[in-house]
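2 protein chains.
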Amino acid sequence: MTDYQGDAAKSPLELFEKLTEQGDKVRSLKSAKAEKAEIDAAVQLLLKLKVDYKKVTGQDYKAGCPPSENSLGSENGLAADGNNDEGDDEVNPWSVSTNNAKGVDYDKLIVRFGSSKIDQALVDRIEKVTGRKPHHFLRRGIFFSHRDMHQVLDTYEKHKSFFLYTGRGPSSQAMHVGHLIPFIFTKWLQDVFDIPLVVQMTDDEKYLWKDLTLEQCHQFAMENAKDIIACGFDVNKTFIFSDLDYMGASPQFYRNVVKIQKHVTFNQVKGIFGFTDSDCIGKISFPAIQAAPSFSNSFPHIFGDKKDIQCLIPCAIDQDPYFRMTRDVAPRIGYPKPALLHSTFFPALQGAQTKMSASDANSSIFLTDTAKQIKNKINKYAFSGGKDTVEEHRKYGGNVDVDVSFMYLTFFLEDDEKLEKIRQDYTSGALLTGELKKTLIETLQPIIAEHQERRKQVTDETVKRFMTPRPLNFNL
Amino acid sequence: MTDYQGDAAKSPLELFEKLTEQGDKVRSLKSAKAEKAEIDAAVQLLLKLKVDYKKVTGQDYKAGCPPSENSLGSENGLAADGNNDEGDDEVNPWSVSTNNAKGVDYDKLIVRFGSSKIDQALVDRIEKVTGRKPHHFLRRGIFFSHRDMHQVLDTYEKHKSFFLYTGRGPSSQAMHVGHLIPFIFTKWLQDVFDIPLVVQMTDDEKYLWKDLTLEQCHQFAMENAKDIIACGFDVNKTFIFSDLDYMGASPQFYRNVVKIQKHVTFNQVKGIFGFTDSDCIGKISFPAIQAAPSFSNSFPHIFGDKKDIQCLIPCAIDQDPYFRMTRDVAPRIGYPKPALLHSTFFPALQGAQTKMSASDANSSIFLTDTAKQIKNKINKYAFSGGKDTVEEHRKYGGNVDVDVSFMYLTFFLEDDEKLEKIRQDYTSGALLTGELKKTLIETLQPIIAEHQERRKQVTDETVKRFMTPRPLNFNL
Numbered sequence: 001m002t003d004y005q006g007d008a009a010k011s012p013l014e015l016f017e018k019l020t021e022q023g024d025k026v027r028s029l030k031s032a033k034a035e036k037a038e039i040d041a042a043v044q045l046l047l048k049l050k051v052d053y054k055k056v057t058g059q060d061y062k063a064g065c066p067p068s069e070n071s072l073g074s075e076n077g078l079a080a081d082g083n084n085d086e087g088d089d090e091v092n093p094w095s096v097s098t099n100n101a102k103g104v105d106y107d108k109l110i111v112r113f114g115s116s117k118i119d120q121a122l123v124d125r126i127e128k129v130t131g132r133k134p135h136h137f138l139r140r141g142i143f144f145s146h147r148d149m150h151q152v153l154d155t156y157e158k159h160k161s162f163f164l165y166t167g168r169g170p171s172s173q174a175m176h177v178g179h180l181i182p183f184i185f186t187k188w189l190q191d192v193f194d195i196p197l198v199v200q201m202t203d204d205e206k207y208l209w210k211d212l213t214l215e216q217c218h219q220f221a222m223e224n225a226k227d228i229i230a231c232g233f234d235v236n237k238t239f240i241f242s243d244l245d246y247m248g249a250s251p252q253f254y255r256n257v258v259k260i261q262k263h264v265t266f267n268q269v270k271g272i273f274g275f276t277d278s279d280c281i282g283k284i285s286f287p288a289i290q291a292a293p294s295f296s297n298s299f300p301h302i303f304g305d306k307k308d309i310q311c312l313i314p315c316a317i318d319q320d321p322y323f324r325m326t327r328d329v330a331p332r333i334g335y336p337k338p339a340l341l342h343s344t345f346f347p348a349l350q351g352a353q354t355k356m357s358a359s360d361a362n363s364s365i366f367l368t369d370t371a372k373q374i375k376n377k378i379n380k381y382a383f384s385g386g387k388d389t390v391e392e393h394r395k396y397g398g399n400v401d402v403d404v405s406f407m408y409l410t411f412f413l414e415d416d417e418k419l420e421k422i423r424q425d426y427t428s429g430a431l432l433t434g435e436l437k438k439t440l441i442e443t444l445q446p447i448i449a450e451h452q453e454r455r456k457q458v459t460d461e462t463v464k465r466f467m468t469p470r471p472l473n474f475n476l
Numbered sequence: 001m002t003d004y005q006g007d008a009a010k011s012p013l014e015l016f017e018k019l020t021e022q023g024d025k026v027r028s029l030k031s032a033k034a035e036k037a038e039i040d041a042a043v044q045l046l047l048k049l050k051v052d053y054k055k056v057t058g059q060d061y062k063a064g065c066p067p068s069e070n071s072l073g074s075e076n077g078l079a080a081d082g083n084n085d086e087g088d089d090e091v092n093p094w095s096v097s098t099n100n101a102k103g104v105d106y107d108k109l110i111v112r113f114g115s116s117k118i119d120q121a122l123v124d125r126i127e128k129v130t131g132r133k134p135h136h137f138l139r140r141g142i143f144f145s146h147r148d149m150h151q152v153l154d155t156y157e158k159h160k161s162f163f164l165y166t167g168r169g170p171s172s173q174a175m176h177v178g179h180l181i182p183f184i185f186t187k188w189l190q191d192v193f194d195i196p197l198v199v200q201m202t203d204d205e206k207y208l209w210k211d212l213t214l215e216q217c218h219q220f221a222m223e224n225a226k227d228i229i230a231c232g233f234d235v236n237k238t239f240i241f242s243d244l245d246y247m248g249a250s251p252q253f254y255r256n257v258v259k260i261q262k263h264v265t266f267n268q269v270k271g272i273f274g275f276t277d278s279d280c281i282g283k284i285s286f287p288a289i290q291a292a293p294s295f296s297n298s299f300p301h302i303f304g305d306k307k308d309i310q311c312l313i314p315c316a317i318d319q320d321p322y323f324r325m326t327r328d329v330a331p332r333i334g335y336p337k338p339a340l341l342h343s344t345f346f347p348a349l350q351g352a353q354t355k356m357s358a359s360d361a362n363s364s365i366f367l368t369d370t371a372k373q374i375k376n377k378i379n380k381y382a383f384s385g386g387k388d389t390v391e392e393h394r395k396y397g398g399n400v401d402v403d404v405s406f407m408y409l410t411f412f413l414e415d416d417e418k419l420e421k422i423r424q425d426y427t428s429g430a431l432l433t434g435e436l437k438k439t440l441i442e443t444l445q446p447i448i449a450e451h452q453e454r455r456k457q458v459t460d461e462t463v464k465r466f467m468t469p470r471p472l473n474f475n476l
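Here the protein sequences line up with chains A and B, keeping their order. Position 462 (the first sequence) corresponds to 462 in this note's numbering; numbering is contiguous. Position 348 (the second sequence) corresponds to 348 in this note's numbering; numbering is contiguous.
Calculated directly from the structure, the hints in this document are not laboratory data. Misleading hints may appear alongside valid ones.
Any copy will do: because identical chains look the same in the list, a pair fits if it lies in one copy or spans two.
[Stated by the list, open to error] In silico BS3-like pairs for lysine-lysine, Cα to Cα no more than 30 angstroms straight-line:
(1) 210 to 270
(2) 438 to 337
(3) 464 to 306
(4) 210 to 306
From just these sequences and the hints, can you work out the full model?
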């Protein structure tokens, strides 16, 4: 049995293939009327493999049914949707919550979701491959998890291109600074790798989930597109699309949606997303629409009929369930799995355990806030890790791990040395909460003002250019 | 209680509205602290209405949730999908079966589905309104059931137009004569009412249900379109579309699909179509795609943004579940309910209780059959209602109710007198099975030959003209 060792450490799919092979072997031994001892040994191995398979995937082996990728992580006995009953953080596309003031435990999430940590080796490799200093979101672990990023870099080193895909659910006109995180990072990726980008506005999703009309959702998509464009994307390399428009403008996109829909059952989306029998059929089939842009031939105006161009998706970790499903389906319909870069969540002003809400103007800094509003909100609402009195603070110091102003600075203050000095001074008590907040205010005010200035330049004509299906500058 | 009589005979929706009203009344009496006797009487009526509601719909009343139309017919205690456990006929979009050699019991089906019989009064009215002799499919009860046809005629008499919608699931290249029935009748309706027609080719459905590639299904749609066009439709009044193409060519069509998908739950499609948790999400959401062409604004190139043009759907009765669902959703999204004309099924050569199969070349007459093949198939396979020997036949006569050749003649022999004479002579024994078959052969051979001749004239260019989204000649 030298060919069988350490299989419990194999991937579910590898195990599945081994099991299928072993099943075939048992059958052929039996039909060849081999010796009993030989058959018994083969059956023993088959049973052992089945036990390992169950341990790794949480599912029973079924011939002909490869494991779902969402079965990854089930080795810890956790539900497939990444949630559990142990009072852990809840993280899914519609809800993120934690009881910890420091926010979600991201290391645990990596284990539960079965993704990989972005470690120093990967950050160093990105620096080496691009020849550029890694973005501070990478240096500081704001993008903290990935799937197959090494494979993307392998491809790139062989002078083959890949493309970026990210998106936004336009549930209101108002976007806050947190919404910019994936776009700021995606723009950096576009710049350093010099590759095309597609941005999906899921206005159909928002119609299905929210009490909004189709017209409202579409209008929000158009308004949000302006904020996205204001992040500085290159119009020659970027295609932004509304689902409500693009579905009706691209037979190839719909073909991919139907392909995916044929290969995902209600049982699967129930397991991944927690849908119930009372959910509308639109919600139930929607995941295929968020999956489809992962495949290059969904965009024939950009990639022609090429279906094998690698996709890289930068997104917040709560979107991962969609792409676990996508990666499960991809090989079964002959497409490459998309790679992913996952970000942490941007905390609400009131603290990392509360949820930002677009309907609560005080829960975050909005992209439309004036300098004065920014100042007032931060001073009034930003949860402080400082002590109650100046005396205590000077004596015991503040706690940066729960201080929202400090967290915001990790997102928006690019200067590593300055950030480190603030951390030390605040922790020691040398820096008071008011002074820390002042630094954040002075950091955010120009960023928001400049965004507003750039957004003003974005005309309906500009939006139309970005949103027209057309060829992009793209070297294969 | 004079305002309460005969409510059990009311429609589910009327009952629902009455219940909602009565619930409001009880609440307002209670909050106004009305006299106990008055409150008790109101509550009594409320309870009685709830019992009636359950009786009529088979569902419990839930405030804010109007009844599904598929609850119609449940008054007989039958399952919502039109099937039951009493050994009755099975009729749904994927399966039609009966144990009766005469075929499905259509009168029972009308009661189960909650539709209305096409009676002589309706046939007479169609004759009066159109000034044309009713098609023999109407005269002979081949189109036997309807929903809201009187309303369509009311509209038409007010000089307002309506449009026709029918379709075909292109599961193979081969079409048989039975497939032509709805199209022959639809062409007649188009001619006598002078109205536009949309024809949906559900190539996406066939991809989802069958072991076929997208390319195969799309190719079948194109081939089948040629046979449909060969029925003689007016290119200036007819738009034929493949779902795989049109979904990606019309944002308005997709918008209607999403609207419908938002208003139908998995529970509902489970009840109507019998879907299970193991079905793929494509099947589960597909009914919305067959529903969408019922609404005029799905075709802006024909109807602009008009959403209130009445739709009339001629189809075989097995498609009714789709349109029960559509009629249930329509008022909730602000659209008129489509009207329907239902046909009986075209029997297989082997008998009315067996199913025709496109994969069994001997189960029907195909549109590609030669004169010789037609002759051989009818002589060899057409189930006979005649007696075993000539002597017996002369003495006891044949049974036209189970004789497939006679059934086929009711579909294809237009001359009423000749058909009646055949019925009498066959029943009396004057006409032998061989002679009956000869009449059918001589009737079908020229019909198929002429169809083949017309199909030859249909070029790819012609198909393209029919399938290009464009304005149609249409007087509102």
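Status of each hint after checking the structure:
1. For the homomeric pair residue 210 and residue 270, the shortest alpha-carbon distances inside one copy (20 angstroms) and between copies (24 angstroms) are both at most 30 angstroms.
2. In this assembly of identical chains, residue 438 and residue 337 lie within 30 angstroms of each other by CA distance neither inside one copy nor across copies; the values are 45 angstroms within and 62 angstroms between.
3. In this assembly of identical chains, the alpha carbons of residue 464 and residue 306 lie at most 30 angstroms apart whether taken from the same copy (26 angstroms) or from different copies (26 angstroms).
4. Proximity of residue 210 and residue 306 under a CA criterion of 30 angstroms is satisfied inter-copy only: 26 angstroms between copies versus 36 angstroms inside one chain copy.
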